[in-house]
Amino acid sequence: MVSVSELRDIVNWQDGLISPAVHFDEELYRQEQERVFGRAWLVVGHEDMVRKPGDYVTNYMGEVPVILVRDMAGQIHVLVNRCAHRGNQVCLFDRGNARNFGCSYHGWAYDLDGKLLGAPMENLLYRNELDKEHWGLEEVPRFANFKGLIFASFDAGVPSLEDWLGEDGCWWLQTMVLVDHLGGLEALPGWHRYRSPGNWKLVAENFIGDDYHVITSHAGYFKVVRDFEEKETPIRLINTNLRAQAYEGSAGYKHGCPMGMGLVVLDDSVYQNDLQQAERLGKQAVDWVRERHHRHQEALKDRDIDPYSFMNGCIFPNMGLMGFYSPLDGRHWLLFHPRGVEEHEVWQWTMVERDAPQIVKEAAAEYVYQGQHMAGMIAPDDVENFERMVETMRPPRNWRRPFNYRMQLGHEEEGPRGLPGNLGPNPSEVNQRQFYRFWRELMEAS
Amino acid sequence: MVTWEQKKEIEDFLYREAYLLDDHRFDEWLDLFTDDVEYVIPLREHVQGDVEPAGHPIIKDNKLLLTARVRKHQTGLSHVEIPQSMTGHLITNVLVEDGATPGELEVLSSFLVRQARKLRDEAWWVGRRRDVLRRVDGGYRIARREVLLDATVLPRGISIFF
Chain A
250 MVSVSELRDI VNWQDGLISP AVHFDEELYR QEQERVFGRA WLVVGHEDMV RKPGDYVTNY
310 MGEVPVILVR DMAGQIHVLV NRCAHRGNQV CLFDRGNARN FGCSYHGWAY DLDGKLLGAP
370 MENLLYRNEL DKEHWGLEEV PRFANFKGLI FASFDAGVPS LEDWLGEDGC WWLQTMVLVD
430 HLGGLEALPG WHRYRSPGNW KLVAENFIGD DYHVITSHAG YFKVVRDFEE KETPIRLINT
490 NLRAQAYEGS AGYKHGCPMG MGLVVLDDSV YQNDLQQAER LGKQAVDWVR ERHHRHQEAL
550 KDRDIDPYSF MNGCIFPNMG LMGFYSPLDG RHWLLFHPRG VEEHEVWQWT MVERDAPQIV
610 KEAAAEYVYQ GQHMAGMIAP DDVENFERMV ETMRPPRNWR RPFNYRMQLG HEEEGPRGLP
670 GNLGPNPSEV NQRQFYRFWR ELMEAS
Chain B
23 MVTWEQKKEI EDFLYREAYL LDDHRFDEWL DLFTDDVEYV IPLREHVQGD VEPAGHPIIK
83 DNKLLLTARV RKHQTGLSHV EIPQSMTGHL ITNVLVEDGA TPGELEVLSS FLVRQARKLR
143 DEAWWVGRRR DVLRRVDGGY RIARREVLLD ATVLPRGISI FF
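Chains A and B supply the protein sequences, listed in that same order.
Counting from 250, one number per residue, gives the positions in the first sequence under my numbering.
Counting from 23, one number per residue, gives the positions in the second sequence under my numbering.
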């Protein structure tokens with residue numbers, strides 16, 4: 250058992266030496282449910298998931314089941330999925346449309362905003378003294394809608410989401426992730442979910458900054474793509490044969506909430522490739538790629554550099570972002586939910602660009618389940634590595650030697666200037682170090 | 023009207039398919055599909071009331087994409103199948119009916135698949151398949167397969183075939 254007071258010594262992010270205990274120790278896991286998941290802003294979904302009054306989706310914040318719901322007045326709420334009486338779950342579906350939520354144990358019924366509507370025989374049994382204002386479903390105290398992406402926090406005292414993400418984080422999220430200036434993203438219905446071995450941070454740190462693993466972990470995928478290209482077989486596979494000029498982006502660098510952006514593309518190689526790929530989809534797709542690029546350049550014309558796209562990313566703590574370089578590819582947004590110290594669940598949904606022609610939207614969704622998805626040819630190889638790590642790292646004697654997070658240490662800022670946040674060399678472990686800086690700050694705060 | 027002999031022939035086809043998969047004879051397995059096959063695994067969800075359908079399935083492959091999945095494991099670099107999973111495909115509840123098109127049969131079956139990986143890692147997969155089998159060259163080929171996995175949260179990433 251490792252106590253929080255030891256973190257100063259064993260999470261030495263400055264030197265890139267971090268104890269495996271952060272991934273494998275039960276006590277740290279227990280603490281981080283309160284200190285990380287109880288304090289951070291967490292993504293709980295997208296407003297497209299609750300378009301109509303009565304629409305809801307269920308999700309988790311850390312280990313806590315929650316409901317994201319739009320009430321009859323159109324207001325969005327995040328409610329803890331827990332009956333106030335005995336703690337039974339009141340909503341059992343992945344998504345749906347409802348008039349209210351009822352408990353199956355004693356029949357307490359709640360309005361969509363969480364207010365207690367009534368309890369069976371309440372006048373008789375509670376003598377008209379049941380305080381309905383007090384005994385509603387708990388509403389998660391902080392809520393923020395960032396260009397459609399819904400965040401919530403259990404910490405009533407957390408800074409505003411804009412302050413939490415910082416100016417740089419807001420810029421990257423709004424511009425490069427949610428492409429707000431291009432019409433934004435549209436969520437496709439349905440959670441794609443799978444159980445996955447390993448602590449949730451193993452996958453979060455992978456998304457926030459690990460482009461080093463790609464050539465080894467996904468070598469089988471690359472070989473298949475190459476083989477099919479050489480045989481000139483027309484096959485829809487994610488293009489991996491790009492020679493892009495790409496950097497590691499960091500928002501919240503050295504301060505605040507880390508957001509990593511992996512393989513930020515600065516040249517026009519991906520754009521040129523997209524034009525070629527779009528030709529297979531027809532003129533409408535080509536026109537859209539061209540016009541989109543024009544709008545994007547216009548919107549960024551005051552910047553010294555205008556990144557086209559990014560590969561991977563993560564918003565601390567557990568929001569994974571797969572951009573896969575190209576707007577022709579669906580965005581895979583993934584939540585890494587903790588499920589005990591050595592397991593997590595991936596809850597994933599797909600986004601496509603709202604203004605894209607239908608043929609592009611359909612093709613974009615198809616890419617998702619070939620790639621970073623439970624049935625894809627990429628994600629399962631990552632999972633396999635985590636499973637092997639769990640087998641090795643169960644014995645605490647194997648925690649004594651720190652993990653090496655020292656890649657590009659001291660070279661973090663050797664990248665072009667001109668964008669909010671920091672751009673540095675890629676691959677790098679700068680964002681993993683930033684992840685553990687902030688994780689330690691939250692864990693140590695009393 | 024499906025005859026008893028036809029039914030036995032189809033059951034035999036499905037059992038042989040299961041043996042090919044459990045023997046890792048994936049090239050021979052691919053030969054069981056027509057060139058125009060559609061292979062679909064829909065997303066399973068618990069939904070309530072009036073909601074939009076899921077935006078996309080878990081898998082929707084054509085023959086080339088199925089082939090790509092097999093080829094990936096044959097590269098020797100596909101970590102998720104190193105060492106290869108041991109699988110046991112148990113196929114049961116087979117129903118054979120006339121298909122919508124002459125020369126095609128609609129075949130329903132249930133499966134229980136245990137996947138064993140490395141020392142103790144495992145997954146249990148249960149579900150149903152709805153196949154369209156087409157008469158080709160005196161035998162049958164799978165022209166369409168829909169796999170309904172009985173899980174809203176999959177037990178692990180998919181690296182085996184159903």
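It is worth saying that the hints were derived from the structure and are not from the lab.
All C-beta atoms, glycine included, are put in the ideal place defined by N, C-alpha and C.
There's no promise every hint is true.
Partner residues are not named here, just some residues of chain A that face chain B (Cβ under 7 Å, in silico) [claimed, not checked]: (1) P390; (2) P438; (3) R444; (4) K472; (5) A614; (6) M623.
FRET-style restraints, in silico, Cβ to Cβ [unchecked claim]: (7) A:E547 - B:T174: 42 to 48 Å; (8) B:M108 - A:H462: 22 to 28 Å; (9) A:N372 - B:A122: 47 to 53 Å; (10) B:L134 - A:G323: 42 to 48 Å; (11) B:D53 - A:H504: 55 to 61 Å; (12) A:T465 - B:Y41: 46 to 52 Å; (13) B:L141 - A:N653: 25 to 31 Å; (14) B:I104 - A:D264: 32 to 38 Å; (15) B:L134 - A:P408: 48 to 54 Å; (16) B:Y41 - A:E479: 30 to 36 Å; (17) A:Q533 - B:L134: 31 to 37 Å; (18) A:E547 - B:T97: 41 to 47 Å.
A quick look at each hint next to the structure:
no., hint, result
1, P390, "violated, 27 Å"
2, P438, "holds, 5 Å"
3, R444, "holds, 6 Å"
4, K472, "holds, 4 Å"
5, A614, "holds, 4 Å"
6, M623, "holds, 5 Å"
7, A:E547 - B:T174: 42 to 48 Å, "holds, 43 Å"
8, B:M108 - A:H462: 22 to 28 Å, "holds, 27 Å"
9, A:N372 - B:A122: 47 to 53 Å, "violated, 60 Å"
10, B:L134 - A:G323: 42 to 48 Å, "holds, 46 Å"
11, B:D53 - A:H504: 55 to 61 Å, "holds, 59 Å"
12, A:T465 - B:Y41: 46 to 52 Å, "violated, 34 Å"
13, B:L141 - A:N653: 25 to 31 Å, "holds, 26 Å"
14, B:I104 - A:D264: 32 to 38 Å, "holds, 34 Å"
15, B:L134 - A:P408: 48 to 54 Å, "holds, 51 Å"
16, B:Y41 - A:E479: 30 to 36 Å, "holds, 33 Å"
17, A:Q533 - B:L134: 31 to 37 Å, "violated, 46 Å"
18, A:E547 - B:T97: 41 to 47 Å, "holds, 43 Å"
Violated hints for the displayed structure, listed by number in ascending order: 1, 9, 12 and 17.
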